[in-house]
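Given the coordinates of chain E, work out where chains B and H should sit on it, guided by the hints.
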Amino acid sequence: MQNSVADSLLAMQGISKRFGATQALADVSFSVRGGEVMALVGENGAGKSTLMKILSGAHRPDAGAIRVAGRTFAPGSPQQARDAGVAMIYQELNLAPELSVEDNIMLGREASRFGCLLRSRQRPRVEEALELLGHGELRPDAPVRSLSVGAQQLVEIARALVHDAKVIVFDEPTSSLTGHDVEHLFTVIRRLRATGRAIVYISHFLEEVRQLCDRYTVLRDGRVAGADALEGVSESDIVSLMVGRSVEELFPTVPHAPGDVLLSLDGLCGERFPIDATLKLRRGEILGVFGLVGAGRTELLRSVFGLDAVKSGRVRVCGATFSPAPRSAIAKGLGFVSEDRKGEGLAQGRSIADNLTYSRLQPYSTMGWLRLGARRAAVQRWMTQLQVKAQSPEQDIAALSGGNQQKVAIARVLHQDAHALLLDEPTRGIDVGTKAEIYRLIGQLAAEGKAVVFVSSYCPELLAVCDRIAVMSRGRIAAIRDTNEWNEHAIMEAAIATDEATGDDDERKSA
Amino acid sequence: MFKNRSLTFLAMSVLGVAIGTAIAGCGSSRDDGKRRIAVIPKGTTHDFWKSVKAGAEKAGEEFGVNIIWTGTADEQDKEKQVQLVDSLAGTVDGICLAPIDRTSLVRPVERAKKIGVPTVIFDSGLEDSEITVSYVATDNRKGGEMAGEYMAKLLGGKGSVVMLRYAAGSESTEQREAGFLAAIAKYPDIKILADDQRAGSNAQVALQKSSSMLQANRGRIDGVFTVCEPNNKGMLQALEDEKLAGEIMFVGFDSDPRFVDALREKKMHGIVLQDPFHMGYMAVKTMVEHLDGKEVEKVITTGEYLATPENMDEPRMKELLAPPKAE
Amino acid sequence: MNESRPETRSEYRGNLSGGSRALAENGHRTSGWQLLSTTLGPLLALCIVWLVFAFLDWTRPLGGTFAEVRSFQLIVVHTAAVAVPALGMTIIIIAGGIDLSVGAAMALAATVGAYGFLNGYPPAVAIGMCIATGLAAGVANGALISSLRVVPFIVTLGTMMVFQGVGRFLAGDTPIRPPRESFAVLDEFQAPFPTPAWQMFSPGVWVMLLLGILVSITLRYAVFGRHVFALGSNEATARLCGINVPLTRVAVYALGGLFAGIAGVYQFAALGEGNPMDGIGKELPIIAAVVVGGGSLSGGRGSVLGTLSGAAIMAVINHGCTTLNVGDMYQDILIGAIIIAAVALDQYRQRRMADK
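Protein chains in written order, with the numbering used here: chain E, 45 to 555; chain B, 547 to 873; chain H, 40 to 395.
Looking at chain E on its own, in the form it has when it is part of the complex (with noise of 0.2 Å):
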């Protein structure tokens, strides 16, 4: 922005990218000032990741300059970047589980002395990086398996500043941290801003911007679409910027209205979560679940699925009971979309069609032999209906964009004819676009006549397109109303307060 160059910690000027035929950055400048904490935000594939990727050290750029602390910096790789006082915070986190805290934040910095490792020199550097953080409490001896995932993240910051981390970009931090967590880690990064340091801040979550960022930079397309002090900016102008396109477009909704009961809970529990799970869902209902990570709502859907055990309680499918596994529920008509495409929702390495049809060859088989012709039109129909923009159905899916590959298993449980969809966090990790794409899909199910279970952490997204909301917390089902009864402080007060509730309950239950 126009701040002068010269007092910026940071400054990245004129950054352009190309990859292959992509122009991923063009002319792209950020400038981060020490005692700051600029937000970088954008849509996925604005090019965040890449600027951050050349920030350090991953990618080169084909123009621009960088310079630290009024230094020209032109890492060769993420080492030298560290080296040169660049560090980044990822989501997912990058420490040694085995090893203590100590051992962890002076990873590849250890006092040492002919190859013998001298903790007692290395002791008071971590604590005082600890006691920076305001953490005192942590104890360097304590194995990183142990910790919380707040704390890992107070190790791996801590081992920042004992890097001597001019820069600190932290990627979408809190995306797996819990309320109270997520207070801490904004304490701890107001510190880091006293200290001087400049700091970078990339989130989805511009509410979170808000309260601690002092300034941000909006990525659209490769381009700087905007950039200024965060005061006085409404979230939705910022919306605005990143998406180019208003609001009101974001949430298209299709009308729908609920029939007769289609899949009953009674009393699910599993092995830890859910607890005493009881719901109604009817056809051409929208369902939304909204719980904090950890809440169980993972579990709750993947106890009605069968994927995980189910240790008492019954599931009703049209009235009939039935014991729950993957088999058998696609059989009963459900299906189920995993919130981990990568790990569980998708076969990466594997082409779309067969990833879409894996749940149900038997329609293009004859005596266990396939017809892969037929297989391959049918496919081609599913990926027009719902605009998968691929070369060929035989593409590797790993080869497609997060949306894509959503809309690939969204589809494959319309193929296998489900009436009742589980769909976990079916939007996470997807551009504005796509998302606005899956609502008007699952709103178009819903008037279709199928029923919809819609798990997400994001209420913005459940108020806009469910019809009920159900909140979750500790396992439970701790309320579930009309949307219109809900708003997005409600929900809030209804995931956090019933954690009291329920401890009480959990004494009771094993007194």
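It cannot be assumed that every hint is accurate.
[As the list claims (entries may be wrong)] Estimated spans, in silico, between C-beta atoms of each pair:
#1 E:E142 x B:N763: 42 to 48 Å
#2 E:T428 x H:L344: 29 to 35 Å
#3 E:S190 x H:L196: 29 to 35 Å
#4 B:G792 x E:L151: 42 to 48 Å
#5 E:E172 x B:Q761: 56 to 62 Å
#6 E:S367 x H:L286: 43 to 49 Å
#7 E:G114 x H:L196: 55 to 61 Å
#8 E:G477 x H:C86: 31 to 37 Å
#9 B:K699 x H:L196: 56 to 62 Å
#10 H:L196 x B:A619: 19 to 25 Å
#11 E:S60 x H:L344: 41 to 47 Å
#12 H:L336 x E:L161: 33 to 39 Å
#13 B:A619 x H:P218: 29 to 35 Å
[To be verified] According to the in silico footprint, chain B covers these stretches of chain H (three or more CB under 8 Å from chain B):
#14 125-139
#15 165-171
#16 203-214
#17 224-234
#18 304-312
#19 327-337
Read the hints as simulated data drawn from the structure, not as lab findings.
Even for Gly, the Cβ is constructed at its ideal location relative to N, Cα and C.
Showing chains B and H alone in chain E's frame:
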């Protein structure tokens, strides 16, 4: 683009390594119209075979033939030896073969014969002697008997002994084992404590088996007999580890510089020796004579000798204990 | 740290490549070169290796024997001995597994077959016993892996020892050598130069080709084949899609065992005896054939053509080095280098694909 490059890279690297190895190995194969005789040992790594090679090469020089020495490193990989015989048969005038297995090598030898390539068997027998020119070997049974008689003498006609076997299916060592047991059987006061362990061709395995055997029969063993070089090695090591070397009468088969020292220090008390150099020499000589159309003996023994701490410095024994070796 | 992370991750990668958009616009189809480097890569490598040896042999005085039909016949027979069990291994590796016991299972099967011949059973019965033994070994592997939930590497490491021990017990710790007349049907099965000569190759080679085609078709056109690929690419997805994972796994190992049993017939035919110790070390060239042929030990990838090429490459190197009179140790070095080169090349290709 990169595919071209990477494939070219693969091609170049394969080419490079192949040419390198070819140059490295080509030295001896300069052809000059001489006869080519393949000599295939059971394995290439043990000293015994290096002496065989030296003998074969001497004969090659003497009779003006090219010796093609090829073998597998692993003395148990009979499948590979079968393939080796098949591969070589088309390119040579005659084969001298030490078969790893007496049954499995019958058919490749037969196939070689079918295309007019004769085979001389050496060291270890082949089941079907009809299809071979001659069998050049130590009389292994006799060697085993010598060991047995000597062991009986060492023990004064009574005591307990153990024997470590080689692998099942190897003719030569089975003969040694049988010969030893037959000789011992003549002494009713000598008991065989154990003779059912097979140590194979690997000294490491031999060491483990030997240690277990010594442990299991601790305090009861008066004598041990091992039937080949790696097993001698393993047993000697085990005896040293258990501090039993010298106390237990130890007779081995085949030599190695380490065993010469052991013999001198009386950690070993006798070694049955073959004459590998002579064996290699005779195998090639017999093949040359056969190719010249001469009549050759069907069985040729190359002698077996017993080295003891007492006679080990006699010139002939010295020569047999440290036979010439090809590099 | 950074480069080892899959990064913000597949979707990001997709978008960089212009994901959907760019791909749809370019719309380029699989080019000839792409096909060559992926599916046909191992076959191409085989041709190159063969040509190199043929050339080197040709430049030798009195050389030229390598390019003869006779050499070719030998190579294919040597290939078959590794390729047949490697076909089963291909299925296992595609399904994300590994079978270290294949050599021991082969030798055990050959031993049982030899026992059948020794006792004068009809040849069909003896061969059937041999194959059934392999199958049983495979079922045992699959059942143990599925029921105990122990990784295949460990289970098959264990069964490798068990099979060998069982074989030695059955054989009375000595090779079983049936009289030659008793297995006359197999006498020519793996003979490099069959009579009558119009057969070109030994029956064993023809059987190998037939089996190769069968496996190839099964992997491509059978529902089971799809399930195998699904299991190997992502077990969680397979479960999610209602595929019976334990049963599929048992079937995969059973098939692997079936091929080990058939390979036992080959081994018996080649050696004329059954010896439980003959399996030692045989699993390594078998696994190597699959890997050189483009199979991935992390599952989901592998092909019959690749595996056959991989086995043939090793046979060409062995025969070629013997023909050139290059020592055994150089063969080891060369084959080792090729294994590493093949995998490195494949990794490189994967990365390039991912970056595109």
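Hints versus structure:
The beta-carbon spacing between E:E142 and B:N763, approximately 45 Å, falls within the hinted interval of 42 to 48 Å. A beta carbon spacing of about 33 Å between E:T428 and H:L344 agrees with the range 29 to 35 Å that was offered as a hint. Taken as a hint, the range 29 to 35 Å holds for the pair E:S190 and H:L196, whose Cβ atoms sit roughly 33 Å apart. For B:G792 and E:L151, the hinted distance range of 42 to 48 Å is not satisfied, since their beta carbons lie about 55 Å from each other.
The hint said 56 to 62 Å for the Cβ distance between E:E172 and B:Q761, and at roughly 58 Å that hint holds. Taking 43 to 49 Å as the suggested C-beta distance range, the pair E:S367 and H:L286 does not conform, at roughly 18 Å. Checked against the hint of 55 to 61 Å, the C-beta distance between E:G114 and H:L196 comes to roughly 59 Å, which is consistent with it. Roughly 48 Å separates the CB atoms of E:G477 and H:C86, a value that falls outside the hinted 31 to 37 Å.
A hinted range of 56 to 62 Å is violated for the C-beta pair B:K699 and H:L196, which are about 47 Å apart. The hinted window of 19 to 25 Å between H:L196 and B:A619 holds, with their beta carbons roughly 24 Å apart. Our hint of 41 to 47 Å for E:S60 and H:L344 holds, since their Cβ atoms are close to 43 Å apart. As the Cβ distance of H:L336 to E:L161 is approximately 35 Å, the hint placing it in 33 to 39 Å holds.
With their beta carbons about 32 Å apart, B:A619 and H:P218 fall inside the hinted range of 29 to 35 Å. Against chain B, the region 125-139 of chain H contributes 0 residues with a C-beta closer than 8 Å to a partner C-beta. That does not satisfy the three-residue criterion, and the hint is violated. Counting residues of the region 165-171 of chain H whose C-beta sits closer than 8 Å to any C-beta of chain B gives 0, which falls short of three, so the coverage hint is violated. Check on the region 203-214 of chain H: 3 of its residues sit with their Cβ under 8 Å from a Cβ of chain B, so the three-residue criterion for coverage holds.
With a threshold of 8 Å between beta carbons, the proposed coverage of the region 224-234 of chain H by chain B holds, since 4 of its residues qualify and at least three are required. For the region 304-312 of chain H, the assignment as covered by chain B holds, since 5 residues bring a beta-carbon within under 8 Å of that chain's beta-carbons and 3 suffice. Only residues whose beta carbon comes within less than 8 Å of a beta carbon in chain B count, and the region 327-337 of chain H has 0; fewer than three means the coverage is violated.
Comparing the model with each earlier hint shows violations of hints 4, 6, 8, 9, 14, 15, 19; every other hint is respected.
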